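Fit the two chains together into the complex; they arrive one by one in their own frames, and the hints show the way.
For the protein sequence lines, the chains are Z and F, in the order given.
So the number in our numbering is just where the residue sits in the first sequence, counting from 1, plus 10.
So the number in our numbering is just where the residue sits in the second sequence, counting from 1, plus 120.
Mixed in with the good hints there might be a few duds.
Computed cross-link-like contacts, DMTMM-like style, restricted to lysine to aspartate or glutamate with a CA-CA straight-line distance of at most 20 Å [said to hold, decoys possible]:
(1) F:Lys982 x Z:Glu231
(2) Z:Lys224 x F:Glu431
(3) Z:Lys336 x F:Asp1077
(4) F:Lys877 x F:Glu889
(5) Z:Lys449 x F:Asp1077
(6) F:Lys710 x F:Asp1067
(7) Z:Lys225 x F:Asp432
(8) Z:Lys224 x F:Asp429
(9) Z:Lys336 x F:Glu1075
(10) F:Lys948 x Z:Glu251
(11) Z:Lys146 x F:Glu970
(12) F:Lys816 x F:Asp1077
(13) F:Lys1099 x F:Glu470
Listed below are several chain F residues computed to face chain Z (Cβ distance under 10 Å; list not exhaustive) [said to hold, decoys possible]:
(14) Arg437
(15) Gly782
(16) Ala820
(17) Pro821
(18) Ile973
Across the chosen pairs, the derived CB separations fall in these ranges [stated by the list, open to error]:
(19) F:Gly1012 x Z:Asp395: 54 to 64 Å
(20) Z:Asn66 x F:Gly1012: 37 to 47 Å
(21) Z:Asn66 x F:Ser1051: 27 to 37 Å
(22) F:Ser698 x Z:Asn66: 38 to 48 Å
Honestly, the hints are just simulated from the structure, not real lab data.
Keep in mind that this is a model prediction, so the values were computed, not measured.
Note that the Cβ used here is the ideal one computed from N, Cα and C, for glycine as well.
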Amino acid sequence: MRKQHTLLAAALLTSSLAAPLSNAAQDNVYPAKPYAGILQIRNATIHVGNGEVIENGTIEVNNGKIIRVGKDLPTPASGVMLVDAAGRHAYPGLILSISNLGLVEIPTVRATSDVQEIGELNPSIRSIVAYNTDSKITNTVRSNGILLANIVPDGGTLSGSSSVVQLDAWNWEDAAYRMDGGLHFRMPSLFARPSRFGGFGGMRGGAPDGDPVKKALEEIEAFKAFLREARAYAAQPSVKEPNLKMEAVRGLFDRKQKFYIHCDVVKEILVALDLVKEFGLDAVIVGGSECWRVAGLLKQHNVPVILNQMHEMPTLSDDDIDQPYKTPYLLQQAGVLFAINDADGQHRGKNLPFNAGTAAAYGLAREQALSAITLNAAKILGIADRTGSLEVGKDANIVLSKGDILDMRSSVVTHAFIQGRQLDLNDKHKQLNERYRQKYGLQ
Amino acid sequence: MKKILPLLWGLSLAIPSMAQSTFSVNGVADHRSGVYAFLHATIHRDAKTVLNDATLLIRDGKVESVGNSLAIPSDAVVVDCAGKHLYPSFIDVFADYGMPPQAQRSFAGGFDFRNIQLNSSQKGAYGWNQSIRPEVEASKLFAADEAKAKGLRDIGFGTVLTHLKDGIARGTGAVVTLGSRKENLEMLKPRASAHYSFNKGSSMQSYPSSMMGSISLLRQSYLDAGWYRNNNKGEGINLTLQAWNAIQDLPQVFDAGEKWNVLRADRIGDEFGVQYIIKGGGNEYQRIAAIAATKASFILPLNFPATMDVEDPNDARFVSLADMKHWELAPTNPAAFERAGIPFALTTAELRDVKGFAAAIRKAIEYGLSETAALDALTLAPARMLGLQEMVGSLEPGKLANLIVTSGPVFSEQTQILQNWVQGVKYGVKEDAWKEIKGTYALTLTTDKGQTVYVLDVKGSAAASILGKDTLMAKFSHDGKLVRISFSPEKRARGQYRLSGVSQGAEWYGYGEDSSGLALTWSAALQSTATPKADSARRRPSPRMGAITYPFLPFGWTQQPAAQDLLIRNATVWTSESQGRLEQTDILVKRGKIVQIGKGLADPTARVIDATGKHVTAGLIDEHSHIAASSINEGGQSVTSEVRIADNLNPDDINIYRQLSGGVTTSHILHGSANTIGGQTQLIKLRWGADDEGLKFKGAPGFIKFALGENVKRSSLSQGNTRFPDTRMGVEQVLTDAFHRAKAYEQELRRVAAEQKSRKAAVVDPYREVRRDLELEALVEILNRQRFITCHSYVQSEINAAMKVGERLGFTFNTFTHILEGYKVADKMKAHGANASTFSDWWAYKNEVEHAIPQNPTIMHKVGLNVAINSDDAEMARRLNQEAAKSVKYGGMSETDALNMVTINPARMLHVEDKVGSIRVGKDADLVIWSDHPLSIYARAEKTLVDGVVYFDREQDAAMRRQVAAERNRLMGRMGAEKRGGGPVVPAMPSYQYLYHCSDHLHSHGLLTIDID
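Same shape as in the complex, but just chain F (with noise of 0.2 Å):
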């Protein structure tokens, strides 16, 4: 049993353990059993369990007992770890290491109709789009890369779960530890996990080319393979599908990467039957509630935001406060994770540079994180949550020999990571620090002329001076293993000394020259070590920070707010009712209702809130609008009516704060008009602060987006066209065979029903023989009057040639939008039983919209349809009021029948005439207090209500405002304060600010919007 010093030894990467029986040895056979005992270490064996001046023995790459008074056996080298911490090694369960270099498109959206790929470009017996991939395995991709593993070691990880980060469902991951042997040796489970995404990555077909689109094909997967698996008539064979079933019952793990796609993945899997892990984005403190209730496991990343540099007040000027703020709260999210209880593991994914991954770690527990609570997010969390803890994740018998030996506790900033043991196979880190050298050394040299001693000082591995009368700056340098050292013995003196030598602890000795080239010897010992400095890392207090708001943007709220009994008293009242407009009258709104309404009304408990001289309308309803989504437009195909805005709507739009200003309270939020038959869009009420189910208009029937003309069939300016239809012809067939297509099906599910139930079949269920299409579907539920279409289009040809496709189909256009010939075409829509939903004013911006008129809304409403006033714009959603008023002043329309156009009338296209639109009895509480006569630019929106609940006050707005500049000025100063500390900066990003809109918008939006269509 020979005692070394590990300073000597771990030169060469010595392989030891066996060797593979398969594989021919070049040489002699060379087995070792690889025992080592680490002795008098403070043995973290888990993030919770603490043995001091312990023994852990390891054994043929495995962990054989850990202990405090074990037997040391007399195979093993023992290795004194006095002073030492041994850990675990980390696990990273959502890393790419050893997957091949992926092609990166350049943008995750959108994509090029002069040039469509409209199906899959992969050979062979796949399924039919691109990115649902879940054949690919990444245990067959796998090929290990020694810079990479040794950078993911020398921040302590051991332990992998790689996988391709390419396209929706992206296949198998493979569990790898990060030695450098044969990929046989190091590869633990070639199958450990299957991966999904919302982002369909390299593929260059055009589906899905939006957020609700990647859920909808994720969805439609889920179902073709559970029918491939019963009943795949048809189908042939189909790979991709057969993979997606062979990898059910792996751990399903979720690259959301963003808070409200964390929500979105996991209704998924609620609808699925599965429980993903997910990994998160960074943001999931901003609604942490609603991500415990996930009930999911997390990946967390810890790519906090860099500080930018705001000095420059021009460029200070247009970062949001909301990017302020997450960069000031980002290193709080793995703590709230662990206030909420909620299970997580932390990963080096979306670092700028693995490098930086200690320090992020510490700043996450500066913010609040646990040590406890972060070492085990890198260890045992993560070896759980893929069913490894067997085998990795604690310092335990029978486990890996994976560990890190470290100086000091692992996460303070002293401390350094020394040496990595993989599976047994020790990889030095830092080894040099092994031994502490900072101190003073008697320094003597020895020549023919006898021996002079000086008082070497040193202060790092590259920093020492000779102390004496002077003290004398040496070069110097130790790495461990080597020493050099050359120093003038005096000041100014010409005489040289150069010395090399090695080191052995605290012994050096060596050979060197002085300059007159006259040989010597040296060698130096320890005389005083010197004072640790105190560790920098201890638990500095919390920065006072922000707090956090729902939704998280300016103007936000810190508390819900509440709906509270009111009564509104001495308004102007417009109706949207028979009875018109009702002077000096009263409102009493009681558990977010009209309770009463009328003159002198009294309760006691109810807030009042004098109206004298102002105007009360019901909150206004916007049948066509595009705010508060993450996509809008799946233009991928000219049928895309699976596509559901519901799936993706973000609360996290000031649009919707904005619009309450303009009095606004219902909004339908409408896919866009890139294809024929678009996606089923989704009724919100503004209730600002809600998260995306709380926007729901709740008991609303269900629509979907229609399109026509131009914009279908890309026709303007800068476009080109290859994809089916590229004429008025062309649509009105899309339109056509769609509904064939979705009679079949319908016919095809009650022929099998039937079939079942003559045969009485245990359980009569169509779909266990037909496959469910979510396309159809949607379409089958417009045929039975169970969902609406609302219809982008512009001209009377393609007007009339979609009701006489309805007509002869068996459905109707419920509602037509944009709908600028309306008036020419006004009774054959009648007699169809549509609808109108219109613009004011708007003309002459594309060619179908030159007989666009003004007095359009009056002749239709003249004709005895049911005539609304729509936005399809941010911007113009605040001023719908003046809208409306317009048909005024163009076609000489009642001013109570103009406002109807933007209250009632909307209400009862939707269908929801019953809950809002007017303000009786019964209804919801949507309402407005104008400052002036509902109809004039001059009318201001005082208070917005929705259902009892003030969402919007200007006086509240006038207090916020001064918030928004006081926090504004807080987290530049806390911005200015890190860079003039010495902290890195990056400049300023501008805060853009996505729009989304029918693509036909010829105005500004603001500096900072870029808009999508």
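Looking at chain Z on its own, in the form it has when it is part of the complex (with noise of 0.2 Å):
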């Protein structure tokens, strides 16, 4: 992991990664100073994002931008930080599109956990306030390539707004991409759930009590005419008393705010698009377990999707035993919209390339795959202008693997840049396996 060699501004760029890492702790992994000078990529396996692969190409950086990728590019002569990517692939920095990263420590423990607001209704509720930029949990995932995450609220109807963060920052006012960039709206369940305990010995569990599904369509209605009320609100030339929560969902009207829709089942991605059109929203379907049965509908009223949990069991047993493995590529060839995304609560994020590698063993093309983590997750939260592919033009959030990121048999993440700055890949994990290595002599 140092074959890079360097020219200039050697000292200021591998210092952290030269230092030994028995001393240092979680709290000495720096966020990276910021780097104004020009940075070149050599060698490198160029995976674009857009589907593009350059072999043995070039990316040229200045001042944070991407300004040159190619084949054949020159070396200037000095002034320049040098990567030598041979062997290794570059990537576009992956971005986890739903994450709790930074709201939530421990799960089980409650004192650690900032996601979930009490209330119904709570769009003027902003996961950017209570984001740890200290977590433990994110020198992890960036290890694996995940520079940008969408940090989102739960609970309640709606949850709040949702931003995307960087992911090396002091403070979150440093962490913010994309402040405030949709609200996210949890549809009330349309199947019905029988009741939790279905005792055991081939007992079932009992009926649910009510019609759960017609209480779910009034909360949707009750919603509605909440949207309705919020418009009119909007619409006035003047505010005489202002209303926190309708003053949080105005931009959703003029489609400045996502609206993140979570459901799963087409009944629901019915409701969800009927919405959609009322108010003429800039809506993304989250979760979306079965939305390949209605991949077309999707398609026609161009409304993406992100797919929460690739790994996944079918839904019924009924089912291909790879369904939810096969999912993006069904969307893929309905020219849906789609992100992969890992919210997998047992391991934190880190896994999203295998998520999208998932997606590639079953019948994706790999550069699809990573577009579904990288460029297509960036269209969705709104940030393609400014990442998700090695473009010119972009922010250089990038990474550097010596394998197929997709594929953990050779995915071992070496570099990653986050707007031109290199990130000391140190984390929680590493440290204490050096710790542990230490005791018993290991190298």
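Written as structure tokens, this is what we have:
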């Protein structure tokens, strides 16, 4: 991992990597200092993120932005930091489209969880203000190439607004990449569930009380009524007495804010499309386990999808055993814009590239799978003008890996840059690893 | 001898027969002998014997004689039964008629740790567990309930065995008849049966909280009762065990309620020398051969699933093929028993409404049950099961006069039950139908002015019209005794006749008025009877039905696959042996074993599989899995070493198939982690389609699950806890105490055995004196290295502490599972002799895993531990190879070492490395053919073999997908047709799956999955 050589300014950029890991604690993994000069990553297999691959190419960065990408770019005689990426792959920084990073440290310890506010209708709740840049989880996620995340509040029907953050910051203001980019609507479930405990011995759970679907539809109607009032509120030339909730949803009606609809089954998706149509929303379906059944409809309405978790069981015992794995392929075939996410709470999002890899194993082309965690995600989150691909004019959010980043067999991330700043890829795992290797005298 | 018409008689519940001698009479004595002669009847003496134009004579509530040319005694009341059928009335041996209502618990498993009830709340000198209630006597609780009795009489029942359906041991049942006299006279046998189930019912005691806990409790109760009978030192008086022993000679009835439970119940019976009469649940047809092998008699419900409304495709989407197939095939269940020659009775239990009984029986007949078998299953078969055949079940001299009179063959749709006689007492059911009233009548109205005759066309007891130029609807009612008619003589005429009178069969007469109030008399005489409609219940051709598959799930087999001789050619073979990876190598498989490995192998008979460009590994072994079981956690106590996963394996789990598709061939099914000393585990092979016994890995040593830390002390977010332990300090004490007790137990057994030997006892059997304790027995096995521990564990302090307890008390922790801080104490684990089975990269999902690192497997491996990667997760188990690969990524482990973590290493820690886990001559042919490098995310298992049988084949899977789609389509078509045909439907209910795990999971397993810890 130290193949990189520098002609100039070497000390500045490699200091943290060169420092013995054993001396570092998590708290000593510092956010990188800004780097204003020219950076060239040379000899890489460049996966642009839009499907294009450039063999043996160079990425040139100036002042945090990509200024050139291509083969045979000349090396300036001086004033450049060079990273030799021979044998490595360069990728756009990966993006977690839906995440509770920095809001939840340990899910089962209530005091460490700031993700779910009380109440049903909380549009004015903003995840960004609780985002903890010092979470111990963050660095482990970066180590797998994830450089951006959309931090999403949970709970209620309207949970609040999410913000996209970059994962190398001193505080949440530094971290903010797109502030309050969208509101999150949790569709009440439109299918019946039995009581929680089914009992044992082949005894099934009891029938649900009342008609949960009817109740859910009523809740949705009530929510629509709120949106209608909020739209009227927003249309006033001036507001006498501000209403925080209505103020918070203004951005929906002029499409400055995204409207994320968390739902899974076809009925819910149909209701979602109806909602989108009535209010002219810039909407995204999140979850979407069953969206492959109505891919054509989603394409027709131009509604993109964030597939929340690839590593999931098929819905029904009758389903194809690889159903969730091949869902991205089906969406791709239908022309639906989609991103792949990793909402798995067991490893806290760091398997995002392997979620995409699974899609590639089941029908999707590898570069398409990569797009699903880079450019597509950026488009859906409304940040594609700045990131998501290794194209000129975008932020230099770049990951280098020794092998295919989608395949755990070969993915070893060696470098990461956010806006041209080279990150210290140390993390709590590596530190503990080092600590106990010391104990046993292991290499 | 007065000949009376039954229509006119029977209004009252004239209670003849003797008054009870001990009860005083408020009035004068009214003794009657109740002698009746039923003449000209078609008498069904029993299911097999029919007498035409025969006579039945009853006296004093019993059958006196039955035959063709009987002399009619002079004191007999004669009932002309020409055209009528007489049957013995039905018997239901699974009733709760007359039992007090019970508070139903909202769910059958689980409990609240915040307010745990660890001991029985029953007051008195009873046993320790509230769900063991052999002392309950239905006879003492019984109170006749006329409304319920009438409901049952109306569908043909005369006798029931009733018991209180509450608890695991439910006490005795009583046989009662369904008359309305004093209970003393209706009760035939106060102690007729003993009852059991797996469901603890109203008990709020924490134990048992699982299927395997119920099984263990039953087993221990048998042992305790035996011990109590012989030598109950220290127990004092235990009324529960006393009652248990007292009812063992009765017929033993087990409410199993489901096919696998049937087998589970039967195994308990086999162990303790009891042949249960087993109540099924209606899905036994799915494994009828195994059901027959129990040699039990059965009680079968008729609660066939209702047709679901699948018109809305979005609702239909979530109804599984298995549920639809069961809907289609459930009515064949009784027929399957008949075909298999298994004795069975039918019950009304579990019918949503007993009024649906006749329709359900007809459905069973339509689906192949013979009418003879149906009648037998309602009469003599249940009587024989309970030893009541001398009393009820057929119309033979000396038996009770329990009979029904019907208008035709009892199972025909048009047939009505007219009367139900219980112990010689007549109860009317549908007496107005005794006489067919349909037909045309001459209706004569007589006034001062003369007579007018109309033609009245009677279509039923509430429908008639006046025939003339026009057909005029009349308002009409005929209840068998009273007749009302009102009609207008002409169309649009104002005039209206209102008539009221009595019916005497073919002749009716009475009084009436016209619209002017003029009085008249009237009479009606039958002119011609209507020709009865053809009976629609004649045998319809059985509908075309889907095949039974093994298991009863999509992708199941219609025929179990067999082992083939296979030659796998030209593969990259990952041996998981010292020779590592072999290029372009062949493997020859014969009779389920690997017989040859090498280049250029040939065999004339073996099927050749070309694996050029493909990789072959040993079948993957998952050291920590919770699939294929009906319950996983018995958390009711902190020590439950007596419970056994093996007791409740569930082969009907789609995850077996799904995991085969990920290359898994062997899974270690563990108890959960709700308590310090959990239950005994079961190693299985993923033999898709096998039954529970067939899943077991034969010859594997026994294991047991232990657990430490947060789950044991119930400390996650939503839980409070009042069960000891609540800290890791307490966990250490639970372990220490349990093994101290185990040692003392073993010493006592040895001491007693030695003492028996020294006094030259005839039989040396310490259990004659010492209570056999299943909990401690399992711990003694651990001490004697006959059983091995796999211990759920996370942080170094608890791992260290557990090992110290083991070292102090003389046992080893064979395996630490999860072991996410194993890297901190790997040296100590090595010294202790432990193996490690861990996750690749899980962390930070709860507090005790905040130091989990993905380099953990590598460090432990480098320190010299035998390390495995496990799943604990039905989803992730499909990607175990990829999980192993992560150690290459994070720890720099070699690829062969990484693969070994899911092949030979787990085989070693499970002590089955001589059979599985590597590709070596002589081992089981558990093999996976991969499309790509087996550690790559792009690799897919193309074929998975267990014992040389190809249980998963991607090509075959593609074909089965099409079959599943076609079969779903066919069944939805059938359901839709039922609905369009006007049949009743219920809303479509999503087919949920219950998924078990270690209660740590923070990810979705799919929309229809309900996670249970």
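The hints, checked one at a time:
Between Lys982 of chain F and Glu231 of chain Z the CA atoms are separated by roughly 60 Å; this puts the pair beyond 20 Å, and the hint is violated. Between Lys224 of chain Z and Glu431 of chain F the CA atoms are separated by roughly 18 Å; this keeps the pair inside 20 Å, and the hint holds. A distance of roughly 15 Å separates the Cα atoms of Lys336 of chain Z and Asp1077 of chain F; the hinted pair therefore holds under the 20 Å criterion. Among the hinted pairs, Lys877 of chain F with Glu889 of chain F is consistent with the structure: their alpha-carbon atoms are about 13 Å apart, no more than 20 Å.
Restraint check for Lys449 of chain Z and Asp1077 of chain F: the C-alpha separation of about 50 Å exceeds 20 Å, so the hint is violated. The straight-line distance between the Cα atoms of Lys710 of chain F and Asp1067 of chain F is roughly 9 Å, inside the 20 Å bound, and the hint therefore holds. With a C-alpha separation of about 19 Å, the suggested pair Lys225 of chain Z and Asp432 of chain F falls inside the 20 Å cut-off, and the hint holds. Distance restraint check for Lys224 of chain Z and Asp429 of chain F: the Cα-Cα separation of roughly 17 Å lies within the 20 Å cut-off, and the hinted pair is therefore satisfied.
Using a Cα cut-off of 20 Å, the hinted pair Lys336 of chain Z and Glu1075 of chain F holds, with the two alpha carbons roughly 17 Å apart. With a CA separation close to 68 Å, the supplied pair Lys948 of chain F and Glu251 of chain Z exceeds the 20 Å bound. For the given pair, Lys146 of chain Z sits about 9 Å from Glu970 of chain F by alpha-carbon distance, which is consistent with the 20 Å threshold. Restraint check for Lys816 of chain F and Asp1077 of chain F: the C-alpha separation of about 24 Å exceeds 20 Å, so the hint is violated.
For the given pair, Lys1099 of chain F sits about 23 Å from Glu470 of chain F by alpha-carbon distance, which is inconsistent with the 20 Å threshold. Interface hint status for Arg437 of chain F: upheld, as the beta-carbon distance to the closest one in chain Z is roughly 7 Å, under 10 Å. With a least beta-carbon distance of about 9 Å to chain Z, the hint placing Gly782 of chain F at the interface is held under the 10 Å criterion. Checking Ala820 of chain F against chain Z: minimum C-beta separation of about 25 Å lies over 10 Å; hint violated.
Annotation: Pro821 of chain F was flagged as interfacial toward chain Z, and the flag is violated, the nearest CB pair being 27 Å apart, outside 10 Å. A distance limit of 10 Å between C-beta atoms decides the matter here; for Ile973 of chain F the minimum to chain Z is near 4 Å, and the interface restraint holds. The hinted range of 54 to 64 Å is not satisfied by Gly1012 of chain F and Asp395 of chain Z, whose Cβ atoms lie roughly 39 Å apart. A hinted range of 37 to 47 Å is violated for the C-beta pair Asn66 of chain Z and Gly1012 of chain F, which are about 27 Å apart.
Taken as a hint, the range 27 to 37 Å holds for the pair Asn66 of chain Z and Ser1051 of chain F, whose Cβ atoms sit roughly 29 Å apart. One distance hint, 38 to 48 Å for the beta-carbon pair Ser698 of chain F and Asn66 of chain Z, holds here, with the actual separation near 40 Å.
Comparing the model with each numbered hint stated earlier shows that hints 1, 5, 10, 12, 13, 16, 17, 19, 20 do not hold.
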